[in-house]
Structures are given as C-alpha cells and as structure tokens.
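Reassemble the complex: the two chains are provided individually, in unrelated frames, and hints are given to aid placement.
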Amino acid sequence: MSNTLSAKKTARTRAQYTVLYALLILVAIMMLIPFVWMISASLKLEKDVFAFPIQWIPVDPQWNNYNLIWTKVPLMTGFANTAKLTFFTTILQLLTSSFAAYAFAKLEFKGRDTIFMLYVMTISVPWQVYMVPQYQMMTIFKLTNSHLGLILMHAFTAFGVFLMRQFFLSIPTELLEAARIDGLSEYGIWFRIMLPLSKPAIATLSITSFVFEWNDFMGPLIYLSSTNKKTVQLMLRMFNTQYSSNYAQIMAAAAVALVPVLLLFIFLQRYFVEGIASTGIKG
Amino acid sequence: MNNSALVKKKHKASLRRRKTLVAYSFILPNLIDFFVFTFVPIVFSLILSFTQWDAGNPIKFIGLDNFVEMFTKDKSFRIALVNTLYYTVATVPITLVISLALAILMNKQLRGRVFFRAVIFFPYVASLVSIAVVWMALFNPDRGPVNGILMSLGIENPPRWAASSVWAMPTIIGLTVWKNMGYYMIVFLAALQGVSGELYEAASLDGANKWQQFRNVTWPGITPTTFFVLLMLMVTTFKSYDIMYITTQGGPGEATKVLAYHIFNSAFVSSRFGYASAVSIVLLAIVLVVTIFQFKGEKKFTNY
Numbered sequence: 092m093s094n095t096l097s098a099k100k101t102a103r104t105r106a107q108y109t110v111l112y113a114l115l116i117l118v119a120i121m122m123l124i125p126f127v128w129m130i131s132a133s134l135k136l137e138k139d140v141f142a143f144p145i146q147w148i149p150v151d152p153q154w155n156n157y158n159l160i161w162t163k164v165p166l167m168t169g170f171a172n173t174a175k176l177t178f179f180t181t182i183l184q185l186l187t188s189s190f191a192a193y194a195f196a197k198l199e200f201k202g203r204d205t206i207f208m209l210y211v212m213t214i215s216v217p218w219q220v221y222m223v224p225q226y227q228m229m230t231i232f233k234l235t236n237s238h239l240g241l242i243l244m245h246a247f248t249a250f251g252v253f254l255m256r257q258f259f260l261s262i263p264t265e266l267l268e269a270a271r272i273d274g275l276s277e278y279g280i281w282f283r284i285m286l287p288l289s290k291p292a293i294a295t296l297s298i299t300s301f302v303f304e305w306n307d308f309m310g311p312l313i314y315l316s317s318t319n320k321k322t323v324q325l326m327l328r329m330f331n332t333q334y335s336s337n338y339a340q341i342m343a344a345a346a347v348a349l350v351p352v353l354l355l356f357i358f359l360q361r362y363f364v365e366g367i368a369s370t371g372i373k374g
Numbered sequence: 006m007n008n009s010a011l012v013k014k015k016h017k018a019s020l021r022r023r024k025t026l027v028a029y030s031f032i033l034p035n036l037i038d039f040f041v042f043t044f045v046p047i048v049f050s051l052i053l054s055f056t057q058w059d060a061g062n063p064i065k066f067i068g069l070d071n072f073v074e075m076f077t078k079d080k081s082f083r084i085a086l087v088n089t090l091y092y093t094v095a096t097v098p099i100t101l102v103i104s105l106a107l108a109i110l111m112n113k114q115l116r117g118r119v120f121f122r123a124v125i126f127f128p129y130v131a132s133l134v135s136i137a138v139v140w141m142a143l144f145n146p147d148r149g150p151v152n153g154i155l156m157s158l159g160i161e162n163p164p165r166w167a168a169s170s171v172w173a174m175p176t177i178i179g180l181t182v183w184k185n186m187g188y189y190m191i192v193f194l195a196a197l198q199g200v201s202g203e204l205y206e207a208a209s210l211d212g213a214n215k216w217q218q219f220r221n222v223t224w225p226g227i228t229p230t231t232f233f234v235l236l237m238l239m240v241t242t243f244k245s246y247d248i249m250y251i252t253t254q255g256g257p258g259e260a261t262k263v264l265a266y267h268i269f270n271s272a273f274v275s276s277r278f279g280y281a282s283a284v285s286i287v288l289l290a291i292v293l294v295v296t297i298f299q300f301k302g303e304k305k306f307t308n309y
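Protein chains in written order, with the working numbering: chain A, 92 to 374; chain B, 6 to 309.
Read the hints as simulated data drawn from the structure, not as lab findings.
Accuracy of the hints is not assured; some may be wrong.
Derived CB-CB ranges, DEER-like [claimed, not checked]: (1) B:SER169 <-> A:ALA142: 20 to 30 Å; (2) A:SER335 <-> B:ALA290: 34 to 44 Å; (3) B:GLU206 <-> A:ARG203: 37 to 47 Å; (4) A:SER237 <-> B:GLY68: 35 to 45 Å; (5) A:MET212 <-> B:LEU210: 45 to 55 Å; (6) B:GLY212 <-> A:PHE178: 51 to 61 Å; (7) A:LEU123 <-> B:GLN198: 50 to 60 Å; (8) B:LYS301 <-> A:SER335: 40 to 50 Å; (9) A:LEU123 <-> B:GLY256: 25 to 35 Å; (10) A:LEU123 <-> B:LEU33: 43 to 53 Å; (11) B:LYS113 <-> A:ALA174: 36 to 46 Å.
C-beta: ideal position from N, C-alpha, C; glycine also.
Bound-form chain B, shown alone (with noise of 0.2 Å):
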C-alpha cells in the first residue's frame, strides 16, 4: 500500500513536470522573440549608457561621462529637452479638450453619427508619410493654399509655418493633435456609453442643468479613463520623433529637434551608440516616472 502510494506521488509529480513542459511550448515562441528581441536590448542600452562606442572601436567604460556631458556641455541635448517638454506640454491638453468634447457630442443621439465617428478617426490610422506630404503642401509658406487663404483675409505677411523657427513646432503640434484626436475620442466615447444612465435621469429630476450634470455624473464617471489618456497622451508625445523627421527633419535650425531624434541622430548619424543610450535612458527614465504615476493614480481611481 505505502508502495502504491510511492507510485502515486510519483506519477503526480511526473504529471506536474509533464504539464509545465507543455505550458511553456505554448509560451516559448513568443518568450524567445520578446527575449531576443526586446529584453536583451533594453538591458545592453543600460550597459552602453556607460560607455563609449562607435561600433568599429572595442567598447570603452567611461563611467558617468555620457551624463555629464548630456547635462554640462551638450546644448543640443537641452534644446531637444526643452523642445520635447514644449511638444508634450502643448499637444497633451489640446489632444485632451478636443477628443473629449467631441466624445460628448458623439454620445448624442444624433443621425450620421458612424460617418462622423469614422471621418475623425481616420486620420489616425492614415499612414504619417502621405498625411505629412499633404499638411507641407497645404501649409507651404510661398505657395500653399492656407496662406492664400489668410492672404485673401487681408493678412500680409502669414506665418512662414515649417519654415520658420517660432511656427515650426506649431504647425507640428497641429498636425500630430488633428491626426491622433479620433483615437482619444474613441476611449472617451467607450466611458461614456459606460456611464449609467439611471445617473443622469435621477440628476435632472434633482434640478441639476447640463454643468452640473457634467460636473457631478459625467466627470466623476470618466476620471479613470481620462487619466489613463493623460498619461497615454504623455508617453506618446514623450517619445514620438518620426513626425519631425518627415515634416521638419528637426530644422529649421534644432527648432523642432526633439529627444528620441537627438538618440538617432547621435546613433545612426554620428554613431555615438554609448552617448546615444544615454539619451534614451534619461527618456526611459522621464516615461518610468509617467508609468509610476499610472500605477498609483490606477489604484486611487478605481473605484467602480
């Protein structure tokens, strides 16, 4: 009997191992990739940030060195700092205003409302090159129909747009809020539809005017969602540089030179790879900080 039992836990325990083997061949495909790919990667990119390295050389330890000159001497670095906090600043509240408003307008019972909804968000699945062709040509300063436009109004000297140092960015901002806003509007839309209805019928019966009830059911019932958009929207802008280098390539001048282009440039330009990962730790390191937030405003906000 106490042999059997032997057998038993034997045979369980070959069951278990036997069990884990076939669970990891479902996950060992994509683990490989991931590992490979992506994990490795991200921890060499913390290696590199420490060094010096321009692929032909041996890669040479210079401690904090890429850090100091980042922060001390390099003032392409700061303009890249500066123009990547001006990006975010100014696209994030803009994206989040727009896509709400036009969510509240879509939760309507209104007619063509899937024409509209598709019309916004196309822009944001449209590919970035063809989009970017038609904005330079749209906003082309000597040319261009926009400043026809504004010519015809009366306007003599219309902003140069991607031409000029002070309207660049502007006119990048635009064009990175007009392409993406659908999207955001498409997650507020689905926390709208979550909200319950029963809310607003008992609010109006209260007396309670459309502020209010905006104020007092809408709003409490969409804060996690627009959180989770904050902070979305903010590690997007955070790192997105393929809009620049298709628009501006940076220019005029560094006036629209953001920090994930100051990592490919160091990189694939001037094959800084050591002083390049250092950049992008220090991105890294601003978009964990964004992450952490989104963790704890997570736990506070769910309340439902």
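Extracted from the complex, chain A is given alone in its bound form (with noise of 0.2 Å):
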C-alpha cells in the first residue's frame, strides 16, 4: 500500500515538474525570440524580412549584409570610439573607487563619516537632475564634444565606492597591522594585499562599469556631436534613422553592437550574477 503511495506522489511530482519545464521554455522562447528573429531578419534579403509566415531559417543566408554595414556609417569608428571611452572609464573607476574605498573602510581621519554621507546621499540622486547644469559646467570647461569630458565624468561612481569598501570591510585588520610592522606603507598596504585579495569584487565593477559605458545612450547623445567622436550607439542610431527601411542591415549592425557585452556575458556570468546578489541583498 504504502508502494501505491509513493508512486501516486512520484507520479505527481513528475507532473508538476513538467508543468515547471514547460514553463521555464515558455519564457525562455519569449526571451530568446527577439534576438532569434534579429539575426535570421540580418541574414535576408530585404524584400523577405517581414514575410509571413516568418521563415526563421532563410534559404539563401545574406552574409553580405555583415559585409555592407561598415560602409553605410563609420560603424568601426565607432567601435574604436566606444572601445576607448569604455577603457578608460572602467580602470579610472577600478583606480578611484579602491583607492578612495581603502581609506573609507581602512584608515581613520577627520571628516572621514561626512565625506561618506556626503557620498549615501548623492548616490540617490539620479543623473537626469543635474545633467543640465553639468553640461553648462562641461561647456566652460570646454569639455564638451570631447571624448575626455565623458571619460572625467564618469571616473567617478559612489557604486564603486560602496561595492569596494563593503569588500575591504570584510578584509581583516590584523593582516594590515602586521604588514605596517613590516613597514609596508598605506600605498603598498593597498597595492600588494587589498587589491590582490579583491579579485571578485574587482571583477564585478569592471564589468558593471563596461556593461555601462558600452551601452551608454543619453551621456554620447548629449555631449558628442562630431561624427568621428560618436560611439557604437550612436552610429547604430544614426544607421536607424538614415536607412530606416533598410531592415536586414539594421539588424545586422545591433547585432554587431551586442558582441562584446555577450562574449563577456557568456566568461563571466558569475560575476555578473555576484555583483546583483552582494549589492542587492543588502538592502
């Protein structure tokens, strides 16, 4: 009897993980359909990319397409631009952030809890409030239409600051004390035990600050207006605007434009993943 019952449970709980299963594909179909249909659309001819039914596979695949798109507009100056500004931003704030975190988790001076709330409060503030006296400011400085403006404003992020300084707390003081007995100055104490033992939180802010800067619409938009300054965004929102019916090679530039985020996305899932639950579970 007790047999009947555990293949009656078995069996409903076969059913319930198909019920699960069949979900799970569900939504991942409905993630996965737009970026299917993107690259099958960029391999057609552009007379065949809204037939319907949709013919997922095309027959006769455009290769071409990936061939044309770097002539219609400075695509590739845009990759060098992006890939420049995302560069610098991302080791300015790798520097900036550890450096300014060691001293808010590790050292003790005065003003040290003002300057930090100084930083908790800015960090609520978003961007759209004060991106118009910033630009006037920029403008003064003449740092506008220049890619090193960009790269100056967003050396900086109080997220960095956070995300390192939670990671040295958690670093044990003792360690530092021996190594000043060592006679290991604060710089040294950073380079050669604070960084090194940092390598995951590292990780996570490199990556968030490339996601960032790679996918950055609104910061390119607003301060670069010379077409060899341009990013990879923009070129692909220009290729929108002046081929807007030119569909298959539209879709074969975004295309194009998702390759770096989803090479890094597909090495270091991990940390991405990390990243969100350390920042996020806090809360």
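Here's what the structure looks like:
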C-alpha cells in the first residue's frame, strides 16, 4: 500500500516538474525570440524580412549584409571610440574607487564619516536631475564634444566606492597591522594586500562599468556632436534613422553592437550574478 | 622628563597629521571628481531652478516663477507627470510579480537552471538601442510579425503599437518589463537562497501546504528584499527616458513623454535651462520621498 502511495506521489511530482519545465521553456522562448528574429532578419534580403509566415532560417543567407554595414555609417569608428571610452572609464573607476574605498574602510581620519554621508546622499540623486547644469559646466571647461569630458564625468561612481568598501571591510585589519609592522606603507598595503585579495569585487566593478559605458546612450548623445567622435550606440541610432527602411542591415548592425557584451557575459556570467546578489541583498 | 613627554605629544600630533594626509591622498582623486562633476552640478541645479537662463544672456533670478508656470500653465509638464505615473504604476508591480515568480521557479532543483537564468538575464545587459530596434520591427504595425500573427489568429484590427497614442505606452512598458525582469529575478533569487531550508522542513512537518509555506516562511524571509526591489524599481522607472527617446521620441504627440524627457527637451531643445532645472528639482523631490521611505523601511524590516 505504501508502495502505491509513493508511486502516486512520484507521478504527481513528475507532472509538476513537466509543468515547471514547460513554463520555463516558454519564458526562455519569449526572451530569445527577439534575438533569433534579429539574426534571422539580418541574413535576409530586404524584401524577405517581413515575409509572413516567418521564415526563421533564411534559404539563401545574405552574409554580405555584415560586410555592407561598415560602409554605410562609420561603424568601425564607433567601435573604436566606444572601446576607448570603455577602457579608460573602467580603469579610472577601478583606481579611484578602490583608492577611496581603502581610506573609507581601513583608515581613520577627520571628516571621514561626513564625506561618506555625502556620497550616500548623492547615490540617490539621479543623473537626470543634474545633467543640465553639468552640461553647462562642461561647456565652460571646454569639455563638450570631447572624449576626455565623458571619461572624467564617468571616472567617479559612488556605487564603485560602496562596492569596494564593502569588500575591504571583510578583510581582517590584523593583516594590515602586520604589514605595517613589516614597514609597508599604506600605498603598499593597498597595492600588495587589498587589491590581490579583492579580485571578485574588482571583477564585478569592471563588468558593471564596462556594460554601462558600452551601452550608454544619453551621455554620448548629449555630449558628442562630431561624427568622428560618436560611439557605437550613436552610430547604430544613426543607421536606424538614415536607412530606416533597410531592416536587414539595421538588424546586422544591432547584432554586431551586442557582441562584446555577449562575449563578456558568456565567460564571466558568475560575476554578473554575484555582483547583483551582493549589492541587492543588503538593501 | 616633562620635556620628553612634550616631545612625545608633539610627535604624536604630527604622526596623526601625517596619517590624515595619507588618508586624504587616497580619497582625493575620487572626491575631486565627485565634487566637480556631481556635487557642484546638483547645487547649481538647485540655484538654476529659480532663474531664467538661455546660456546666452546673463542669468536672471525670477523666484518661484518656474514652479508657478509648471503647475499652472505648462500643459506638457502635466502630461509628462501623468505619463510618468502611468509608466511607473504599471511597470513596477508587473516587473515585481514576474521576477519573483521566476525566482521561485529558478530556486528549485532543475536541470538547465544556469542556462535559463542566463537567457532571462541577458536582455538586462544588452544594449537598449539594439533591443529597441528589434522590438520596433517586431511590433511594426503594418508589416511586423506580431501583428502578422494576430491577424492570422483572426484579429482584424490589431493594435498599432508604438504608432498609436493609446498603445505606445503599453508597448514601452512591455519592453521595459521584458528587459529588466531578469535583474530583479536574480536579486530575489539571492534572497530566496538565504531563507533557511530548516524552516521549510519544520513547516512541512507541521502539515503546511505549498501556499502556506510561501505565506508563512518565504514571504517574511524576503520582505526586506521585496521592499528594496519595490523602491529601486520606482526610482529607476521614474527617472528613465532613454527608452522613450529611442523608441517613440516621446510620441505619438506627447503620449510617451515623461518627466525626464521634459527636462531634456526644455534644456537641449528649447534652451530653457532655468526651467529645465526647476522640473528636475520636482523629479528630485519625488525620488527623495521614495528614498526616505526606503531608509525608514530599512530600519523596520531589518529583523534578521
């Protein structure tokens, strides 16, 4: 009797799991369809893009679409500009954030708590609130339409300081005391002890900064006006407005712009997830 | 002896000064950047909101005129405020419920969890421009596959999506939810994993069913996170306008014009920098109210 009961139970759980998987697969399809359609459309002739019923796998894939996009708008320049901006802001954010976080987490000095409170307060002020005066100030500094301006603006993030500080706090102070006795300076401690021990936090901050800068649209839109300075997102936008009926090639360009973040995501997914979990949960 | 104590004291003081100098050298690069590019603009924004300024002529103080204009004359402001509320009130609960449901699913021992998690999360980190371009094509009212499917299902006049003043906002809400729910799913998932398994065992020994387990174990365990997600979602949706800029340019008409978009337009299209700052102060005030709730709630909910 107990045998039939447990058989019934397994039958029930099996049915439950079937429903669960069906649900999950449905969600996964909904998430993936736009991307699949994008790739599929990017390999079609313009006249076939909107053919209905949808032909998911093009009979005669137009790989040439991926060659043509580079000639229509200076997409390559966009890539180079975005790569430059992303590289420098990420490095600077790492340096300034970990530097400041060390002082906030491990050093005692006058004004520490006041300054930290100021940081806490500004993290909740959206950029939209001060983007207008910020633009005016950048005009005065002659930093509009310049990559340097954007890099300097994005070199500071309160988020980066919080993230690094949180991690540094978990490193035992005895370790630093020992290093001080051994004659290591504070800069030496930061470089030789704190940084090597904080690889997960560094990875998380780098990824966050990379993704933000790569995808940033409003910043470059407001600040960069010459074509040769524009970023890949602006080039994509330009493509979309100038060749608005050229859907196949727009999709090809949109797909190409996704590649760097996709690669990063595939190889470092763990850090993406851990970063969110660690910042979200303490809320 | 007295002398040596004095020397010691002096020495100590200079040591402390040295320590402070070193500490400041650590925070200075960050602090200067923060001060110049964030703090000063925030203060500047407050001041500008009481002025009239087109960046060409000198700044003119006009007291509260900007705010008076906003609430009594500027129809666009009222539309933008209502649209922002609409966008927020719809996006926040939908995202919250879906991402929590997904997190509960993902918290089970399933095969392919990592794959599903990645697929649901990826749109969050994908470029908004790329994604918007695809969505606009999929939802193209005349030729897009979505309406193709709807028509083949027998719906003769499917919605005109972003081209219709009624459907444009729901289209953008759909895109927002789709893009961001993976992020909040992961936040919830982390919280769910923090709820102790022993509590579930105890509950199931007491004969609690699945719903009772959720009601009495899961929900109290994740309340602080739910609260955090709720407020974060509110602030994020309240300030966003890039999605409208990319998809509909605030249109058709002003159907998807939101508060932050109104700031952008007043400043960079109409060159009314004082007025734009005044609108941004209203945005700030709303965000601050939400943040104060967060601080208060944090104290109330931090019970672990």
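Whether the CB-CB distance between LEU123 (chain A) and LEU33 (chain B) falls inside 43 to 53 Å: Holds, at about 47 Å.
How does the Cβ-Cβ distance of SER237 (chain A) and GLY68 (chain B) compare with 35 to 45 Å: does it lie in that range? Roughly 36 Å apart at Cβ, these two residues keep to the hinted range, so it holds.
Satisfaction of the hinted span 50 to 60 Å by the C-beta atoms belonging to LEU123 (chain A) and GLN198 (chain B): violated, 25 Å
Mind checking the hinted window 45 to 55 Å against the Cβ distance between MET212 (chain A) and LEU210 (chain B)? holds, 48 Å
Quick check: does the Cβ-Cβ distance between SER169 (chain B) and ALA142 (chain A) fall within 20 to 30 Å? holds, 24 Å
Taking 25 to 35 Å as the hint, is the beta-carbon distance of LEU123 (chain A) and GLY256 (chain B) inside that range? With a Cβ separation near 30 Å, LEU123 (chain A) and GLY256 (chain B) satisfy 25 to 35 Å, so the hint holds.
Hint check for ALA174 (chain A) and LYS113 (chain B) - Cβ pair distance inside 36 to 46 Å: holds, 41 Å
Indicate whether the distance between the beta carbons of LYS301 (chain B) and SER335 (chain A) respects the range 40 to 50 Å. Distance hint for LYS301 (chain B), SER335 (chain A) holds at roughly 49 Å.
Quick check: does the Cβ-Cβ distance between SER335 (chain A) and ALA290 (chain B) fall within 34 to 44 Å? The hint (34 to 44 Å, Cβ to Cβ) holds, given that SER335 (chain A) and ALA290 (chain B) are roughly 39 Å apart.
Range hint 51 to 61 Å: satisfied by the CB atoms of GLY212 (chain B) and PHE178 (chain A)? Check passed, 59 Å falls within 51 to 61 Å.
C-beta pair GLU206 (chain B), ARG203 (chain A): status relative to the range 37 to 47 Å that was hinted: holds, 45 Å
Going through the hint list in order, the structure does not satisfy hint 7, though it satisfies all others.
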